[in-house]
Amino acid sequence: VFWPGPLTVIVHRREGMAEAAAGGQDSIGLRVPSHPMALALLRACAALGVAGVAAPSANRFGRVSPTTAAHVQQEFGPELLVLDGGPCPVGIESTIVDCTGESPVLLRPGQLSRADIEAVLTMPLGSPHAASPRASGTLESHYAPAVPVCLWASAALQRAVLALPEPVAAGGAPKRVAVYSRTHWTTADGPAPDPARWLFKTMPSDPAAAAHDLFAALRELEAEAVAAIWVEQPPDDAAWDGVRDRLSRAAA
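Count the sequence shown with the working numbering and you get residues 152 to 403, in order.
By construction, these hints were calculated from the structure, which means they are not laboratory data.
Keep in mind the model is a prediction, meaning the values are calculated, not measured.
Errors might be hidden in some of the hints.
What the hints assert, rightly or not - DEER-style ranges, computed between Cβ atoms:
1. G200 with A270: 15 to 21 Å
2. S185 with G277: 24 to 30 Å
3. A374 with C250: 18 to 24 Å
4. A172 with H335: 45 to 51 Å
5. A195 with L231: 18 to 24 Å
6. P279 with H335: 34 to 40 Å
Glycine included, every Cβ here is placed at the ideal spot set by N, Cα and C.
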């Protein structure tokens, strides 16, 4: 089953309920979807006496998240039956908020921003600490393609592309390096990048569009059998928190 979820809330679980879904913790994450197919599935389950649905993410551990049903089948094979809810309208995963303590804590940023959530709560969100529950997608290395991802500041990325003298070789065969960036640079200080060495893809300059495209773009570039994926660092402002978080983990 494949659908997006913009917000996950972690609360205390009741003793004796949802033991398997708790993952060995004393808390559980609740996601309330708005997608019509997800709601139809939940209603069908409720009609059968099933109060809720628990499931893992539709990707192998640590890998790039899927944003289409085709990505799920690429990950697990065509024999997997997929209930296709269409492409994710958001792209990156939900914002995760821990509500088990005295004050709420933001465990994972998403497209629902810290400011948006704080405005509803009328109180600030705390930061993760030693007693915070484990949350999905918060390991240092996560969302990673099978090839290395390197993050570059814009000016450093420009210099690196223009300065690399030879294609990156793997097993004796030259391979291109993929570059995923928002900015386009001139070649006044050096020769034009050789298309035999480089594969360029433009990252949207709008943070919501970048979040929507991010995982699909990483999967697309990985499929080109490149030696590495070089990505321009996202801006530091809060609107890019979710994209910045995913890329930092992909590059770890």
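Now for the hints, and whether the structure bears them out:
no.: 1; hint: G200 with A270: 15 to 21 Å; in the structure: violated (38 Å)
no.: 2; hint: S185 with G277: 24 to 30 Å; in the structure: holds (27 Å)
no.: 3; hint: A374 with C250: 18 to 24 Å; in the structure: violated (39 Å)
no.: 4; hint: A172 with H335: 45 to 51 Å; in the structure: holds (46 Å)
no.: 5; hint: A195 with L231: 18 to 24 Å; in the structure: holds (20 Å)
no.: 6; hint: P279 with H335: 34 to 40 Å; in the structure: holds (37 Å)
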